[in-house]
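Those sequence lines, one after another, are chains A and B. Okay, so the first sequence: first residue is 740 according to the working numbering, each after it adds one. Okay, so the second sequence: first residue is 125 according to the working numbering, each after it adds one.
Please note: incorrect hints may appear among the correct ones.
Derived Cβ-Cβ restraints for the label pairs, each shown as a range [as the list claims (entries may be wrong)]: (1) B:Asp172 <-> A:Leu758: 52 to 60 Å; (2) B:Gln154 <-> A:Ser818: 26 to 34 Å; (3) B:Asp226 <-> A:Gln819: 36 to 44 Å; (4) B:Pro279 <-> A:Thr763: 51 to 59 Å; (5) A:Arg786 <-> B:Lys333: 29 to 37 Å.
Keep in mind the hints are simulated off the structure, nothing from the lab. Owing to the predicted nature of the structure, the values given are computational and were not obtained by experimental measurement. All residues carry an ideal CB built from backbone N, CA and C; glycine is no exception.
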Amino acid sequence: MSTSRQHSESRAIPTRTVLINDTTQLPHDYCTTPGGTLFSTTPGGTRIIYDRKFLLDRRNSPIAQTPPAHLPVIPGVTSQKVLNENKKNEANNINNHDSKPGTGEDAQFEMDI
Amino acid sequence: MATSEPRGNETEDSPNETPTPAPAVPGSEQYIKHPLQNRWALWYFKNDKSKSWTENLRLIAKFDTVEDFWALYNHIQQPSKLGFGCDYCLFKDGIKPMWEDDRNKLGGRWLMTLSKQQRHNDLDRYWMETLLCLVGESFDEASDDVCGAVVNVRPKGDKIAIWTGNCQNRDAIMTIGQQYKERLNLPIKTLIGYQSHDDTSSKSGSTTKNMYSV
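The task is simple: from the sequences and hints, build the whole structure.
Structure (structure tokens):
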């Protein structure tokens, strides 16, 4: 695997500022940023890194509101019932998304061990 | 205004300050997808004793953008609501979520064992945090060592683990362990251990020795 990985020298990341005055100046596809490709110049290679906040922000993207195409139906995992439950929880979780007190109503699945 | 823009795609006689706007639908940035470094596969395992282990393992979906990750995450059950004996596994595309896979067999895992009480309070939060670490490539160069992550829902206490590819890569493993612990906001005195798959599969007692811990 990566036992013989070599480290490249570190270098400053070249930056450039491109101001946007209007949304029409944005590129129309996601692999380009204004003035060039966002991830083209990482020193020593390319790695696409996203921080926690950015990822969480994208959770509300309209794309993320529809289940993926061809999602297999797995009872208790991807069924319509689960989807409805998740929707309800989402509404509940807006204000306290860390811990929900147990309501005791969630009949735990039978043990099949 | 664009500053120090490289030459546009049109050669003009005199430099003009107005860039050629890309055709765009108003609000279309909402529909932009952000590519991930890796393509990932989410698996589901259900313990059905009448079937073999591999028959019980099922691929749910693959994704390679941030938005497709959320589309999946938003539409599947949370770990705390899965039945006992069930697992979710998120692995890089091409790596099967099992020890025997070529990219796992020399590896091991950072293992977090949760108490029963933590199923309500921490399990789903920790699992989501684990997923974000993986898809966001949170471990710098050590992210290359990551193979995937597994959550096991068990009556005695649930487990979450990050699997890496080579248990001898001490530096990468320690980077992953330290940053992971930080991300989960675990108390300093809580120790998590790293165990090689080899030791786990050949253990005689109920505990496997830790090769590393943070």
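Take the C-beta atom of Arg786 of chain A and the C-beta atom of Lys333 of chain B, compute their distance, and say whether it sits inside 29 to 37 Å. holds (33 Å)
Please check whether Gln154 of chain B and Ser818 of chain A have a Cβ separation lying inside 26 to 34 Å. The hint (26 to 34 Å, Cβ to Cβ) holds, given that Gln154 of chain B and Ser818 of chain A are roughly 28 Å apart.
Does the hinted range 51 to 59 Å hold for Pro279 of chain B and Thr763 of chain A at CB? 57 Å Cβ-Cβ, so the 51 to 59 Å window holds.
State, for the Cβ atoms of Asp226 of chain B and Gln819 of chain A, whether the hinted interval 36 to 44 Å holds or is violated. At 38 Å between Cβs, range holds.
Whether the CB-CB distance between Asp172 of chain B and Leu758 of chain A falls inside 52 to 60 Å: holds (58 Å)
The structure meets every hint from the earlier list without exception.
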